[in-house]
Structure formats: structure tokens, C-alpha cells
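Student: Given next are the chains, with one letter for each unit.
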Amino acid sequence: MRRYSLLPVVFAIVWLAAGPACAAKSAAPTAAKELDPVEKFDSAVAMYQNEKFDDAAAVFSRLAASGFETPTVYFNLGNCWVKTRHIGRALWAYERAFLLDPRDEDIRFNLGLLRASLGEPPAPEVSPLLDPVKQMLKPVRTEEISTAVTIASLFLALWMLGFAYIRSWRAVFGTLFWLTMMGSLLVGGAAWVRWDEVRFPAGVVQEKEVFVRYGPAESNSKAYPLKEGASVRIEKQSGDWYLVRLANGQSGWIPKTAVLRVTP
Amino acid sequence: MILQSASAVWAEINIEASVNPARVAVGEPVELSISITGASSGIKTPKLPELKDFRSYSQGHSEEFSFINGKSTSRSVFTFVMIPSAEGTFVIDGIQVPIGDKVFKTGALKIEVGPSNTVSTPPVNQRGKPIAQVVPPSSRSLPPEYMASQEIFVRAWSDREEVYVNQPIYLTYTLYTRTSATFKGFEDEPETAGFWVEDFPPNPQASRQERNLGGYRYVIADVRQVALFPTEAGLKTFNPGSLKVDVEITRNPYGNSSPFQGTMFGRPRFSQMQMLTEIQPRVLETEPINFKVKPLPEAGKPEGFGGAVGRFKIAASTDQTKVEEGHPVTFKLKVTGEGNLNTLEMPKPLKLDGFKSYDSSSGLDLRKERMTIEGDKTLETVLVPRKAGAYTIPSVNFSYFDPVKETYITLKTQPILLTVDPAPAGEEPPKTPEPILPAAPSPSTPNTAASGAQDIRYVKSVMGSVGRVARPALTERWFWMLNAAVLLTALIFLTLRLTFERLGINLLGAKPKRFKGEAVKSFRAAKRAIKPGSEKDFYEAIAKGVYGYFADKLRVEISAVGIGRVDELLRGKVSEAEMDQIRELFHRIDYGRFSTVRVPENELKQLYNDSERIVMLVDKKRL
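Respectively, the protein sequence lines represent chains A and B.
Per this note's numbering, the first sequence runs over residues 1 to 264.
Per this note's numbering, the second sequence runs over residues 1 to 623.
Don't read these hints as lab results, they were simulated from the structure.
The reader is advised that the hints may include incorrect statements.
Said to hold, decoys possible - Below 35 Å or equal to it, Euclidean Cα-Cα: the simulated DSBU-like pairs (lysine-lysine) are:
1. B:K356 - A:K208
2. A:K52 - B:K368
3. B:K301 - B:K368
4. A:K52 - A:K134
5. A:K227 - B:K301
6. A:K227 - A:K208
7. B:K294 - A:K227
8. B:K184 - B:K322
9. A:K52 - B:K244
10. A:K208 - A:K236
11. A:K256 - B:K184
12. A:K227 - B:K102
13. B:K334 - A:K227
14. A:K227 - B:K536
Claimed, not checked - Simulated restraints, written as ranges between beta carbons of each label pair:
15. B:R282 - A:R245: 32 to 42 Å
16. B:E476 - A:R245: 18 to 28 Å
17. A:L186 - B:A485: 48 to 58 Å
18. A:G189 - B:R468: 44 to 54 Å
19. B:G572 - A:V140: 18 to 28 Å
20. A:L186 - B:L496: 43 to 53 Å
21. B:K368 - A:V140: 44 to 54 Å
22. B:K356 - A:G188: 27 to 37 Å
To be verified - Some chain B residues judged to face chain A by a derived CB distance under 10 Å, without partners named:
23. G88
24. Q225
25. V226
26. P302
27. V459
28. L496
Virtual Cβ for every residue (Gly too), placed ideally from N, Cα, C.
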């Protein structure tokens with residue numbers, strides 16, 4: 001008489017239940033707060049239409065800070081700051097909107113327009129293979145890639161367990177496993193490319209001009225200046241200073257107050 | 001052309017020495033030629049006497065051989081260049097010319113050296129052609145003596161070794177070569193940590209020069225120049241990196257000791273065309289340069305000093321001095337001068353009472369044509385007066401350190417008077433200056449403002465669904481560990497399952513299926529029973545062992561083990577010959593169990609051995 005082991009089935013059920021929950025962790029919507037955010041949003045839009053940009057910016061900022069982080073809130077906030085000539089803050093807001101919805105045409109347009117107006121040189125080409133892949137992945141959210149990785153892992157595990165314990169269906173599970181493995185390689189590649197882009201938090205310089213220094217103190221010598229709106233990657237922090245790196249590979253220390261973090 | 005010559009004739013050997021010109025100015029070259037005729041071999045390089053106030057270099061040696069009307073003659077000429085460093089009349093006496101085992105001496109030669117501003121005609125050689133000017137090289141660019149023996153090398157040299165922080169050091173890479181060479185760039189770039197570096201563009205006016213060093217003539221060229229601004233005080237060692245060059249090497253295909261080597265009729269026996277030329281890449285190393293970087297003095301440092309070192313001027317201006325209320329005025333500050341303008345900190349943007357200030361823009365125009373770092377840095381601020389009146393834009397201070405004067409200098413701009421007229425009644429003040437953005441294409445959303453050129457897409461009126469800007473899971477260790485754990489767990493279960501299947505192990509605690517345990521006990525019992533009178537015990541034990549083994553192996557009850565069932569279960573898994581053996585075994589066991597015929601001991605032993613062999617055989621099979 002054939003008997004099937006129940007223990008691995010129990011494990012499979014536990015992982016299957018836990019996996020999607022963990023994969024969706026970072027994209028989970030926050031619960032609604034007590035304030036009526038929609039009314040506040042509408043009032044801020046009205047302020048913008050009446051050219052009260054500073055007031056509108058204050059309301060949008062408070063909405064975002066209190067957890068109502070929508071792509072539109074950040075987009076509108078960016079617009080307010082463009083109007084009040086706070087280019088660094090505007091870029092930061094657009095970058096956040098882009099993180100939340102990279103497929104929104106208006107967000108991409110305004111972000112591109114602002115970067116073009118800064119006269120930012122294009123990022124140096126890292127590799128002829130990697131850069132087109134990065135471009136292709138731009139409209140995909142990082143959370144979507146994370147979820148795809150988790151789902152691929154779960155299915156691979158499922159097919160392996162099926163192969164192990166349902167002998168009569170081994171050919172089917174084997175085929176499914178290899179097909180999933182090919183898909184997983186693509187997903188894994190995308191995850192690696194995206195990881196390379198996001199492993200260090202992004203930041204935007206918000207001061208008109210800040211000098212990058214050789215060490216995390218005012219007493220250290222200045223290396224070179226950074227203008228408002230410059231994009232940086234924050235590699236380390238020491239006290240009130242960040243070690244940042246630019247797209248061209250240059251690095252150095254700048255005060256935390258000079259940078260707005262796009263990703264926490 | 002003034003020549004002087006002295007000649008001596010010894011038997012058939014004739015030696016002539018001459019200087020050209022005999023009258024020169026300090027620093028101008030004199031060509032000394034020693035011509036030897038009548039000696040076909042054994043001629044060694046003449047030895048010049050020690051000459052104070054002269055530097056001398058060998059310019060080479062040529063040979064001529066002729067055969068006319070049955071008579072052969074040979075002539076060797078040694079040429080030297082001498083450069084006087086002091087005025088006066090000098091006599092060169094007794095130049096020794098070793099020929100064979102004899103030493104010959106020339107007569108005296110006189111050279112008159114005048115002051116260095118004396119104009120003299122350019123010297124020409126014996127063929128009437130001007131002698132190439134040998135320029136005394138700048139002492140800073142000269143290589144150390146040991147380098148002069150190399151046929152190609154590079155010297156990285158600076159214009160000074162002691163500077164203040166942020167004062168420029170001009171570094172030049174000079175290539176010296178005695179062979180044909182092509183500069184290919186840098187193998188290792190200089191290590192510039194602790195320095196701000198400004199590269200100079202290649203100088204199209206730069207020409208190659210020729211210089212004599214250590215008796216060799218070199219072609220030299222400056223291949224790169226950079227300005228280094230040290231960013232901190234202390235003793236610094238700068239590593240200039242290394243250069244790549246391609247060197248053209250000409251080889252005699254028959255080797256240096258070949259009889260085909262040498263000259264004939266004053267020309268090489270082998271033409272250049274027949275020589276082999278190869279290009280050899282080489283890396284030329286440089287030597288580190290030590291600098292002493294002095295800190296800027298604390299005494300006298302003005303308040304608000306931003307670290308500028310050099311020589312600067314500052315000017316303030318506005319695009320208008322009379323505006324209407326609410327109309328913008330652009331206030332421009334411009335710093336011009338020599339120094340590290342890139343890191344120069346401009347004075348803080350102006351904030352005036354009664355004015356709204358808008359974001360400033362800054363500009364930098366760097367110029368390097370004169371092989372110094374100079375240019376302009378500007379800062380523009382848009383000021384919008386809120387109320388009519390007369391205003392004065394105050395002076396702006398700018399301080400810098402002059403490294404030549406070794407003092408701080410504070411400059412002040414002139415104050416600017418600004419008159420703001422009231423806005424005409426009924427006129428709305430102009431809107432705040434819009435940021436200058438590239439032209440916007442046609443908007444895609446219906447609520448976008450039609451602002452034409454230079455505007456961003458309009459605000460959205462629908463809030464949308466709430467998300468969260470959080471650190472991506474991809475960057476978190478727990479994410480990758482969780483996924484790895486899922487895969488690893490499944491992999492472990494898969495591996496265990498397949499392994500146990502191969503070994504016949506049941507995870508839920510059934511007996512191991514290997515040929516051990518009960519089967520072994522039964523076989524031992526059967527072995528003990530191999531003796532006369534114990535045939536029944538033997539057959540019972542061997543049956544239990546063999547049937548019990550097959551029952552476990554095939555996962556059937558022991559009562560179900562029979563040749564028919566075994567045949568069915570083992571079909572395709574064992575060969576026909578092996579199956580025959582199994583059938584034979586089962587038959588013998590059954591016969592022995594149910595027969596009353598006495599079986600000799602050796603047959604019992606044979607049966608035991610066969611049982612063991614067949615069980616081991618089947619045990620090796622994967623079923």
C-alpha cells in the first residue's frame with residue numbers, strides 16, 4: 001500500500017500561506033486615518049488654482065506626511081514647488097510620485113522636464129547590456145518585481161514538492177518546474193538589475209549649492225560643489241552627514257540637511 | 001663665418017680640429033669638429049680637456065671611405081657642441097685623439113665669448129647649413145642623471161614644490177626620446193586624492209624640441225599639463241601615474257656582429273629599407289613628486305572668508321536702476337580672476353527689505369588658454385520690489401588670499417542705487433517669474449493648462465489610491481532569506497524523498513528495507529543449522545530470510561511472496577537469467593521445506609550461498 005508523507009504537505013501549506021503575505025508587505029495599503037483626506041486634497045487643489053502655491057504645498061506635504069501617500073499627492077506637491085522655484089524639493093516630490101506610479105505619463109513628463117531644465121548631463125553608460133534592460137524596467141515598480149520573485153520561488157517549491165510526492169505526475173511537475181525556472185531566471189535578472197539601482201537610497205540636493213567634503217565634518221576640505229536638484233545615492237551616514245555617490249562615480253560627504261531622501 | 005682650426009700630420013695620419021664660430025655669446029653653441037684622415041682603424045672617441053665654464057655634448061661621429069684611382073682613403077669626423085656659460089677668451093688645448101696604441105694631440109683652439117645680449121650671426125656648419133640651436137633646458141624639467149642613459153623616458157615636473165592650500169601647482173609631463181615614438185595616453189592615471197585637478201587642453205602651438213642630454217640628442221615634447229589645487233595642508237606626495245608609448249625599433253636582420261654590419265663609402269652597408277622595424281608598446285613610469293602644502297594663515301583671516309586663493313576682482317551690477325513696483329530687477333555679482341573658480345564660494349545671495357528675492361542662477365566661464373586657470377563666476381538674483389521708493393543695494397564683500405603677496409584681501413562692490421516707481425493705477429503687477437523650462441508638448445490629460453511653451457503638466461484633481469513609499473523589499477536581507485528558505489525546504493524534501501525511494505526507506509517508521517535486521521538474523525540461524533539433523537530448521541530459517549527479504553524489498557506481505565508475484569514485480573527490473581536463478585532458488589527452498597528427502601550438508605551450504613548471492617544481487621537493483 002502506498003503511503004504519502006504528510007509532513008512536507010504541511011510545510012508547503014505554511015509557506016504558501018506566508019509567502020504572498022510577505023511579498024506584499026511593502027506594498028500593503030495603510031489604513032485610512034481619521035482626517036478626511038479627500039477634502040483636504042480638494043482644498044489644496046483649489047489653492048493651487050488660485051496660485052496660492054505655498055499654501056497648497058503645505059497641505060499636500062501634510063497629507064503625505066500623515067500617510068496619504070498617493071502618486072497624485074506627490075505630483076501636485078512637485079508642481080507647487082516648481083511654481084515656488086524650489087527645484088530640489090520639486091524633484092524629490094516627482095521622484096516619490098514616480099516610485100509609486102512609474103507608468104503615469106504626467107509624472108514622467110514633469111520629472112523629465114525638470115531634469116532637462118537643470119541641464120543635468122545624462123548618466124554615464126555603465127554597460128551596453130544593462131542600460132537597455134534598466135530602461136525597459138523603468139515602468140515596473142520595485143514592489144512588483146519583489147512580488148514576482150516571491151511567486152516564482154513559491155511555484156518552484158510547489159513543483160518540487162509535487163515531483164517528490166506525486167509520483168504519477170512527475171513528468172508534469174518536472175516540466176512545470178523547468179518552465180517556471182526559465183521564468184524565474186528572467187525575474188531574477190530583473191530583480192538583480194533593479195537591486196543594483198535601489199540598494200542605496202536615492203536623494204536629491206535641496207540647497208542651492210552645497211560643497212561635498214572629504215570627510216563628515218565642516219573641518220574637512222571641500223572637494224567639489226553640488227547644485228540644487230543633483231541626484232545622489234546615499235551610501236552611508238555618520239552623525240549629521242551622508243556619504244553620497246553621484247552617477248559619474250564621484251563621492252563625498254554632505255550634510256544631511258542638504259539632501260531630501262527619496263526612499264526612506 | 002669665423003673658423004679656427006688646428007691640424008697635425010703624423011706620417012700618413014692627418015688630424016684637423018676646428019671650432020665654428022670662434023666668437024659667440026654666453027649660452028650660444030659652438031661646434032667643435034675633429035677630422036681624422038689616413039687612419040682606417042683603431043680610432044677611438046677623442047677626449048676633450050676639462051673646460052671650466054663650458055658644457056659639452058657629443059653630436060656624433062661619421063666615417064667616409066673612398067677608393068679613387070686605385071687609392072683608398074678613409075676619413076673619420078667627431079663633432080661636439082660646447083656651450084659657454086661665462087664671458088672671456090678660452091683656449092682649448094691638447095684634445096687627445098687615441099688611434100691604435102698611440103695618442104695624438106691637436107693644436108690649440110681659441111674661442112671668444114661675449115655677453116649674452118651680444119647679437120651674433122647664427123652659426124653654420126661646414127656645409128653652410130645652420131647648426132640646430134641647442135637650447136639649455138629649464139633646470140626643473142631636466143631629468144636626473146641616471147635617466148639620461150635611457151633611450152626614452154618621461155619626466156613629470158611641477159613649477160613649484162611649496163604652495164598654500166588651494167594655490168595651483170602646474171604639473172607638466174615631458175617625454176624624452178632618442179627613437180621614434182608615439183604617445184598613446186596614460187596607462188595609470190595620476191592619483192589625485194587630496195587635489196582638485198584641472199586639465200589643460202592639448203596645446204596646438206607646442207612644437208617638438210631637441211636637446212642634448214648626457215651626450216645624447218633627445219627629441220622632447222610636453223604631452224600633458226594639469227593644474228593641481230591641494231585641498232588640505234601637509235606634506236603631500238603626488239603619484240603622476242604612467243604613460244603608454246609605442247616605440248619604433250629598427251633591427252639589423254643579420255644581427256649586430258654580422259660582417260654586413262658597418263658602413264661603406266660613408267653609408268650603412270645595409271639600406272634602411274632592408275632593416276626590420278617593429279613597434280614595441282612600452283609603459284613609462286614617473287617618479288612621485290613631493291609637495292609641501294602650507295595652511296592659510298589664521299592671522300588676518302576675514303570673517304566670511306570662503307577659501308578662495310588666487311587673484312580676483314568682483315563687480316556688482318543690475319540690469320536696470322529704475323523700475324516700477326512689482327517689476328523684477330536682476331542683480332548680478334561677477335568674480336573674475338585666476339584661481340580655482342570651480343570651488344570658489346560666491347557671496348551669499350542678497351536679501352533686501354522691501355524686496356522679494358527669487359532663486360539665483362550661477363554661471364561659470366573657465367578659461368585655460370594662457371596655461372593658467374582663470375575665468376569668471378557669476379551669481380544672479382532676481383529682486384522684485386514690493387513698494388515704490390529709493391533703495392540702495394548695499395556693497396557685497398568678497399575675501400580671498402593672495403599667495404604671492406601672502407595676505408588676505410577683501411574686496412567690496414559699489415553700492416547700487418535703485419529707484420522704484422509706483423505701478424500705474426489699475427495695472428496688475430506682473431506675475432512672479434516662471435521657471436524657465438523646455439517647451440511642453442501637447443498635454444495628454446484633460447485638465448492640463450494650455451500654457452503653451454515652458455510649463456509643466458497641470459495638477460491632478462483626483463487623489464487616487466494610497467500607497468506607501470518604503471524601502472524596497474529587494475534591498476532587505478529578510479526578503480532574500482525567506483525566498484531562499486522556501487526553495488531550500490522544498491529542495492530538502494525532494495532530495496530526501498528521492499534518496500529514500502532509492503534506498504527503500506519509509507519515513508513513517510516502517511522497517512528498513514535493506515538486507516539487514518530480520519533477514520540477517522534468519523540467515524545466521526540458517527547457517528547455524530547447516531548440520532546433519534537440522535535440515536528442517538535450516539529450511540525454515542532460509543525461507544524466512546529469503547521470503548522476508550523479498551517481502552520487504554517489494555513491499556508486500558510475506559505471505560504474498562511467491563514466485564509468481566515476485567516474477568510480476570521484478571519484470572523488467574532484472575534480467576531473464578537472474579529471474580531464472582530466483583525461480584530456481586524459490587523452487588529449491590520450497591522443495592526442501594516440504595520434502596522429506598534428506599539433503600547432504602554440502603547441498604545445504606550450497607543453497608545457503610546461493611540464497612545469499614541472489615539476495616545481494618537483488619538488493620543492488622533499484623526497484
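Student: Does each hint hold? Answer for all of them.
Tutor: Going down the list of hints, with the structure as the test:
For the suggested pair K356 (chain B) and K208 (chain A), the alpha carbons sit about 17 Å apart, so the restraint of at most 35 Å is met. A hinted pair counts as satisfied when its Cα atoms are at most 35 Å apart, and K52 (chain A) with K368 (chain B) does not qualify at roughly 47 Å. For the hint pairing K301 (chain B) with K368 (chain B), the CA-to-CA distance comes to about 29 Å; that is within 35 Å, so the pair holds. With a CA separation close to 38 Å, the supplied pair K52 (chain A) and K134 (chain A) exceeds the 35 Å bound.
This hinted pair checks out: K227 (chain A) and K301 (chain B) have alpha carbons roughly 27 Å apart, not beyond 35 Å. Restraint check: the Cα-Cα separation between K227 (chain A) and K208 (chain A) comes to about 6 Å, which is no more than 35 Å; the hinted pair holds. Distance restraint check for K294 (chain B) and K227 (chain A): the Cα-Cα separation of roughly 29 Å lies within the 35 Å cut-off, and the hinted pair is therefore satisfied. Straight-line distance between C-alpha atoms of K184 (chain B) and K322 (chain B) comes to about 59 Å, which puts the hinted pair past the 35 Å bound.
Taking the CA atoms of K52 (chain A) and K244 (chain B), the gap is near 62 Å; set against the 35 Å cutoff, the hint is violated. Using a Cα cut-off of 35 Å, the hinted pair K208 (chain A) and K236 (chain A) holds, with the two alpha carbons roughly 23 Å apart. Simply put, K256 (chain A) and K184 (chain B) have alpha-carbon atoms about 43 Å apart, too far for the 35 Å limit, and the pair is violated. With a C-alpha separation of about 80 Å, the suggested pairing of K227 (chain A) with K102 (chain B) is violated against the 35 Å cut-off.
For the suggested pair K334 (chain B) and K227 (chain A), the alpha carbons sit about 18 Å apart, so the restraint of at most 35 Å is met. Restraint check for K227 (chain A) and K536 (chain B): not satisfied, since their Cα atoms lie roughly 103 Å apart, outside the 35 Å limit. Between R282 (chain B) and R245 (chain A) the beta carbon distance is about 36 Å. The supplied range of 32 to 42 Å therefore holds. Checked against the given bound of 18 to 28 Å, the beta carbons of E476 (chain B) and R245 (chain A), roughly 21 Å apart, stay inside it.
L186 (chain A) and A485 (chain B) have their C-beta atoms about 22 Å apart, which leaves the hinted 48 to 58 Å range violated. Look at G189 (chain A) against R468 (chain B): about 26 Å separates their beta carbons, and that is not inside 44 to 54 Å. For the pair G572 (chain B) and V140 (chain A), the beta carbons lie near 52 Å from each other, so the given range of 18 to 28 Å is not met. At roughly 30 Å, the beta-carbon separation of L186 (chain A) and L496 (chain B) lies outside the given 43 to 53 Å, and the hint is violated.
Remark: the range hint 44 to 54 Å for K368 (chain B) to V140 (chain A) is upheld by a beta-carbon distance near 45 Å. At about 54 Å, the CB distance of K356 (chain B) to G188 (chain A) disagrees with the hint of 27 to 37 Å. With its C-beta approaching chain A no nearer than about 54 Å, G88 (chain B) sits outside the 10 Å limit, and its interface hint is violated. Contact between Q225 (chain B) and chain A, as hinted, is not supported at the beta carbon level, the nearest pair being about 21 Å apart and thus beyond 10 Å.
Contact between V226 (chain B) and chain A, as hinted, is not supported at the beta carbon level, the nearest pair being about 16 Å apart and thus beyond 10 Å. For P302 (chain B), the interface hint is violated, since its Cβ never comes within 10 Å of a Cβ in chain A; the closest pair sits about 18 Å apart. With a cut of 10 Å, the hint placing V459 (chain B) at the interface with chain A holds, because the nearest CB-to-CB distance is about 4 Å. Because the smallest distance between the Cβ of L496 (chain B) and any Cβ of chain A comes to about 8 Å, under 10 Å, the interface hint for this residue holds.
Of the hints listed earlier, those the structure fails to meet are numbers 2, 4, 8, 9, 11, 12, 14, 17, 18, 19, 20, 22, 23, 24, 25, 26, in rising order.
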